[in-house]
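Chemist: Bring the two chains, given one by one in their own frames, into a single complex with the hints.
Okay, here's what each chain looks like letter by letter:
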Amino acid sequence: MTAPPDDCLARNDWICGDYLSTRRQILLDAVGQHVQLTVVSVGLGLVIAVPLALLARRRRWTVGPVLGITTVLYTIPSLAMFSLLLPVYGLSATLVVVGLALYSLTLLVRNILAGLDGVPAGATEAARGMGYGPMRQLLTVELPLAVPAAMAGLRIATVSAVALTTVGAIVGYGGLGNLIYAGMNSYFKAQVLTASVLCVLIAVAFDLLLLGLERLLTPWRRAGRSPRPARGRRPLTASGRRA
Amino acid sequence: MSTPAAVWSWLTTAANWSGENGIGHRLAQHAVLTFACLVLSALIALPIALTLGHLGRGGALAVNLANVGRAVPTFAVLVLLLLTPLGRHGQWPTVIALVLFAVPPLLTNAYVGMREVDQDVVRAARGMGMTGMQLVWRVEAPLALPLVLTGVRIAAVQLVATATLAALVGGGGLGRIITAGFNLASTPQVVAGAVVVAVFALLMEAVFELVQRFAPARARGRPR
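Chains as they are written, first to last, in my numbering: chain U, 2 to 244; chain C, 14 to 237.
In short, the hints are calculated from the structure, not lab data.
Because the structure is a prediction, the values reported are computed rather than measured.
Think of the CB as a built atom: it goes at the ideal place given N, C-alpha and C, for glycine as much as any other residue.
Please note that a few of the clues may not be correct.
[What the hints assert, rightly or not] Computed spacing ranges between beta-carbons, pair by pair: (1) U:L202 x C:I57: 25 to 33 Å; (2) C:D133 x U:A122: 24 to 32 Å; (3) C:G71 x U:L212: 22 to 30 Å; (4) C:R70 x U:R216: 49 to 57 Å; (5) C:E33 x U:P66: 52 to 60 Å; (6) U:L56 x C:F227: 31 to 39 Å; (7) C:T144 x U:Y188: 52 to 60 Å; (8) C:V224 x U:D30: 41 to 49 Å; (9) C:N34 x U:A183: 21 to 29 Å; (10) U:P135 x C:T64: 49 to 57 Å; (11) U:G213 x C:R70: 41 to 49 Å.
[To be verified] Only some residues are given here: those of chain C computed to face chain U with a beta carbon under 8 Å: (12) P86; (13) F88; (14) L93; (15) L96; (16) L99; (17) V204; (18) A207; (19) A214.
[Stated by the list, open to error] Which residues of chain U face chain C? A few of them, derived with a C-beta cut under 7 Å, are: (20) L56; (21) P78; (22) L85; (23) L87; (24) V160; (25) V168; (26) V193; (27) A204.
Next comes chain C alone, as it looks inside the complex (with noise of 0.2 Å):
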């Protein structure tokens, strides 16, 4: 059987939708993983963007965070606090290094989105006797949305990828799939393992596309 089929036929064998090792079991682990991680994140980058932005302090380590994580490598995270003791802690370890790698994007575009803010605005708003909460909630966070949700975004995309290699250190989601593959030397698996993790990464992408594109115009900012 070639391989296209092969995979067809893997993925259209519903034994391998349901159980503990099913793609449905999987699918949900990788979403629950996802999002939580991205609420979690976004959590702890926002507020810290909002205010550095606000003051317009500790803006090379905002911008530089992206640029040193890029350098680290996703793997390596995942081994590394798996053998601290946090890696007798489940779901632990993984969550961290989701968090730590989803956390500079957030912060990096939400930072800048702040510093775009026209001055001009600010000042306006500054000259209207608004305090500085007000400022930030009223005037540049809104004006900010734009990069924020970009931030988001790729935040979003990065976690689907991250969690997908969480299964090299016994994590679960979709990975889990292509890892069980690798190690019943299934090929048909894996490629269809990596084709439902690939169309769960597009699908998270598109979902962001379709909500920039139809969201209030004062969402999407200036095309650029």
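This is chain U alone, in the form it adopts within the complex (with noise of 0.2 Å):
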């Protein structure tokens, strides 16, 4: 008789290389399906929030009403939300991401509302000024000085859909979600802490991408002169996280 094998895999060390390497294909396809699930919904968030913050910065009495409904879906529990949306999308991707979406909207939405909001009044002026029409307005004026707070939200947003995303093990599309659920039920440390891990570098590289790319957008705050703090409504970088 061969004794068992005395690797890490046989001892169930929380670190194992050879975990690493042998189930390398089931770790790419984990984290290629929670990367995809996560830019979508932001994608699908981001496409509903920015009409919502132009129509309440529009009409004024919509405001309330907006953020009233965000708030209130921010509040409910992750595991909640995907519950809810059970009948109507049943065990598949697209409740995550719809689960997901609703939430990057509370951030998605106060923060380019805040952006657009702290728009110097002069700047405004000076483009009508300029014969600048309404929508030239706001593509060449409005939306790119309200950047660096809409993009604060954003990356709010991102790292909490990253985190989040895991809770869509439930219905079996978790991304990493689903080897941190798998390895639960089979005890198996090396892919708990190996997902877990991955789950949280994914989120920083997002992080760190969006903050480059904000840099991108912004050029002139890059000419040295510090910015003015946006005036108005203040951008939610409040501590608040999802669970």
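Modeler: Below, the structure is given as structure tokens:
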């Protein structure tokens, strides 16, 4: 009889190089699904949030309802959010994407609105004086100036979405969360730790990527002069996070 | 039967409210877990925040803690703790995970509240000969109260959400109704559980909203 192999997999160590080499494809697939779920959901959130913020800016009475509803959505725990969407989307990736998109709305709408409200009146008046129409003024003056506040919201929303995607494991679409869930049931320490660390790394990578994008989009802020803080509604950088 | 009707009938069935797996027991577990962890987290976070805020040290730590915490998935921490030796001690992995995630908002908000106290007021208090402790308890902490309460509110709502996730790792609470529903492939039970959880979270938020609205003006702070 051969003795059982005495490697880190057999010992169920937390840190295990053999795990990385033997499960490379499983890990890559999970990372791929994780990134895809995050990007699609935050993208969907952004596509909904920008028109909502513009609407709230144009018709001031809609500010209260829009912020109220998105805040209520943000208060619902993730497990409950995914469960509430179950009758509509079934056990599907769409369920996870829609749930995460709804979460990102609060942060995105609030911050885009704060950014638009913070555009200095002088800038819009100058644009109007130069004969800019409302559309050109929005696209070339107001939205670019709203980028810093909007990007702050986008970064928080994306980092939160990366963490929350793991809960999608409850319907089988959780990216690395699936590995954590399976690892919990089989008591597989290396799998749980590896997947958890990868989650954090993905979140950090997205954060740095968006920070770089923000720098690219706001070249005038690099000119040395420290930007004046935006007036009006404070951007939501508060310490709230979802679970 | 349509889903809303099935959910309603699940919620109005008396048998689903009683017993160990009933809504009543799960709700009590959820409330106790949330409240106990809120008290525990406040006992850990507030003394640190008041001290650091008073001394004006460790600001980067206090402010960045919340940002770092956001990148760490709650579910991953719950499972990691479950697989450590702590996992064999009943509710402890859940309690530790809940406290870990409730401390950052409490700490960050209380710290910022302490630092935002008008420095002229602090100098005036010092000029009157107040000691450090008197300064903290009679000037800085009362003026920081609105932000401290905001931190408590964020932490409380956060705890309700995290306690729900505890069901995934075998903890008690309302999340168990949802996970049991998934195991039974019973969509009405899953949705009914989610409705109860959502209502509980929104009630928590509403209670704090009311408390802050009707509190004495100095606990409310300036409108932002």
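Chemist: Now tell me if each hint is right for this structure.
Modeler: Hint by hint, here is what the structure shows:
1. Under the hint 25 to 33 Å, the C-beta atoms of U:L202 and C:I57, about 28 Å apart, fit the expected range.
2. For the pair C:D133 and U:A122, the supplied restraint of 24 to 32 Å holds, since their beta-carbon distance comes to about 31 Å.
3. Evaluation of the 22 to 30 Å hint for C:G71 and U:L212 yields a pass: the beta carbon distance comes to about 24 Å.
4. Remark: the range hint 49 to 57 Å for C:R70 to U:R216 is contradicted by a beta-carbon distance near 31 Å.
5. A C-beta distance of roughly 41 Å is found between C:E33 and U:P66, which places it outside the suggested range of 52 to 60 Å.
6. At about 32 Å, the CB distance of U:L56 to C:F227 agrees with the hint of 31 to 39 Å.
7. A hinted range of 52 to 60 Å holds for the C-beta pair C:T144 and U:Y188, which are about 55 Å apart.
8. Checked against the given bound of 41 to 49 Å, the beta carbons of C:V224 and U:D30, roughly 48 Å apart, stay inside it.
9. The given range of 21 to 29 Å is respected by C:N34 and U:A183, whose C-beta atoms sit roughly 25 Å from each other.
10. Between U:P135 and C:T64 the beta carbons are some 53 Å apart, a value that agrees with the proposed interval 49 to 57 Å.
11. As the Cβ distance of U:G213 to C:R70 is approximately 31 Å, the hint placing it in 41 to 49 Å is violated.
12. Against a cut-off of 8 Å between C-beta atoms, the interface hint on C:P86 holds, since the closest Cβ of chain U lies about 4 Å away.
13. Annotation: C:F88 was flagged as interfacial toward chain U, and the flag holds, the nearest CB pair being 4 Å apart, inside 8 Å.
14. Taking 8 Å as the C-beta cut-off, the interface hint given for C:L93 holds, the closest approach to chain U being about 6 Å.
15. The beta carbon of C:L96 is positioned within 8 Å of a beta carbon in chain U (closest approach about 5 Å), and the interface hint is therefore held.
16. About 13 Å separates the beta-carbon of C:L99 from the nearest beta-carbon of chain U, more than 8 Å, and the hint is not met.
17. The closest approach between the C-beta of C:V204 and any C-beta of chain U is roughly 6 Å, which is under the 8 Å cut-off, so the hint is satisfied.
18. The interface hint given for C:A207 holds, since its Cβ lies 4 Å from the closest Cβ of chain U, which is under the 8 Å cut-off.
19. The restraint placing C:A214 at the interface with chain U holds, with a minimum CB-CB distance near 5 Å, inside the 8 Å limit.
20. About 23 Å separates the beta-carbon of U:L56 from the nearest beta-carbon of chain C, more than 7 Å, and the hint is not met.
21. Here the hint on U:P78 is kept, as its CB sits about 4 Å from the closest CB of chain C, short of 7 Å.
22. Proximity of U:L85 to chain C holds as hinted, the smallest CB-CB distance being about 5 Å (cut-off 7 Å).
23. Among the interface hints, the one on U:L87 holds; its C-beta lies about 5 Å from the nearest C-beta in chain C, closer than the 7 Å criterion.
24. Taking 7 Å as the C-beta cut-off, the interface hint given for U:V160 holds, the closest approach to chain C being about 5 Å.
25. Taking 7 Å as the C-beta cut-off, the interface hint given for U:V168 holds, the closest approach to chain C being about 6 Å.
26. Checking U:V193 against chain C: minimum C-beta separation of about 5 Å stays under 7 Å; hint holds.
27. A cut of 7 Å between beta carbons decides the hint on U:A204: the least distance to chain C is about 4 Å, and the hint holds.
Hints 4, 5, 11, 16, 20 from the earlier list are contradicted by this structure; the remaining hints agree with it.
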